[in-house]
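Each protein sequence line maps, in turn, to chains G and R.
Going by our numbering, the letters in the first sequence line up with residues 1174 to 1288, in that order.
Going by our numbering, the letters in the second sequence line up with residues 4 to 121, in that order.
Calculated directly from the structure, the hints in this document are not laboratory data.
Bear in mind the structure is a predicted one, so any value in this text is a computation, not a measurement.
The hints are all genuine.
Cβ-Cβ distance ranges computed for the label pairs, FRET-style: (1) G/1214 / R/67: 23 to 33 Å; (2) R/29 / G/1246: 31 to 41 Å; (3) G/1176 / R/63: 20 to 30 Å; (4) R/34 / G/1256: 33 to 43 Å; (5) G/1240 / R/18: 46 to 56 Å; (6) G/1240 / R/65: 33 to 43 Å; (7) G/1183 / R/58: 39 to 49 Å; (8) R/18 / G/1250: 38 to 48 Å; (9) R/15 / G/1211: 19 to 29 Å; (10) R/47 / G/1191: 26 to 36 Å.
With the Cβ distance kept under 10 Å, some of the chain G side facing chain R (calculated, not the full set): (11) 1204; (12) 1206; (13) 1213; (14) 1215; (15) 1216; (16) 1217; (17) 1218; (18) 1221; (19) 1261; (20) 1265; (21) 1275; (22) 1277; (23) 1278; (24) 1279; (25) 1280; (26) 1284.
The beta carbon of each residue, even a glycine, is placed where N, CA and C say it ideally should be.
Given next are the chains, with one letter for each unit.
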Amino acid sequence: DGGITQSPKYLFRKEGQNVTLSCEQNLNHDAMYWYRQDPGQGLRLIYYSQIVNDFQKGDIAEGYSVSREKKESFPLTVTSAQKNPTAFYLCASTTGTGGMNTEAFFGQGTRLTVV
Amino acid sequence: AQTVTQSQPEMSVQEAETVTLSCTYDTSESDYYLFWYKQPPSRQMILVIRQEAYKQQNATENRFSVNFQKAAKSFSLKISDSQLGDAAMYFCAYRSAFFTSGTYKYIFGTGTRLKVLA
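Excised from the complex, chain G in its bound form (with noise of 0.2 Å):
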């Protein structure tokens, strides 16, 4: 079956500690996208690709990387410089076109927790 598949599920991080976030398509669809979720803050994007090895900063990118040197993949990295990245991150892919095709699928989410 086609989708979307995060992992892990849970992550604990360290303080200083950089870690990464796997986010794997395969639905074939060009654009990906990360989200951070918070408590009464709805979804908010941290960085999109359109296309492989091209990448934009979303609207709250600082403390973030990501990189997509494949289409099926677009992990995201949590550095040492994100003050408060105990959160709920959910990755996010679509075809990229109009129509019938503008549904966003998402994968099951990472809960991340600095310890």
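Use these hints to put chain R onto chain G, whose structure you have.
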């Protein structure tokens, strides 16, 4: 810039009753898409319903329907015959029909938590 506002942080409905979740948005664009996504306790985001702005007819999906008022920039979700499985966080979302800044951006509201009472 586009914004999406959900003014009801939490709503409750009795099982089998009808409930309406509100969403307003702001945009200067003429063409766009609006969505309602459901996030159950599993936290998996699921598309509930989609509306294309150029279509005047309100979208329906089984027990779910929308009231799309383009001039008022309002996009409410009506859930009929509410079921226990409808309990979830519901997000309203906007997507431009235009390819800007290198992608199609989705703008989400802050969500409404729906409780279904047995």
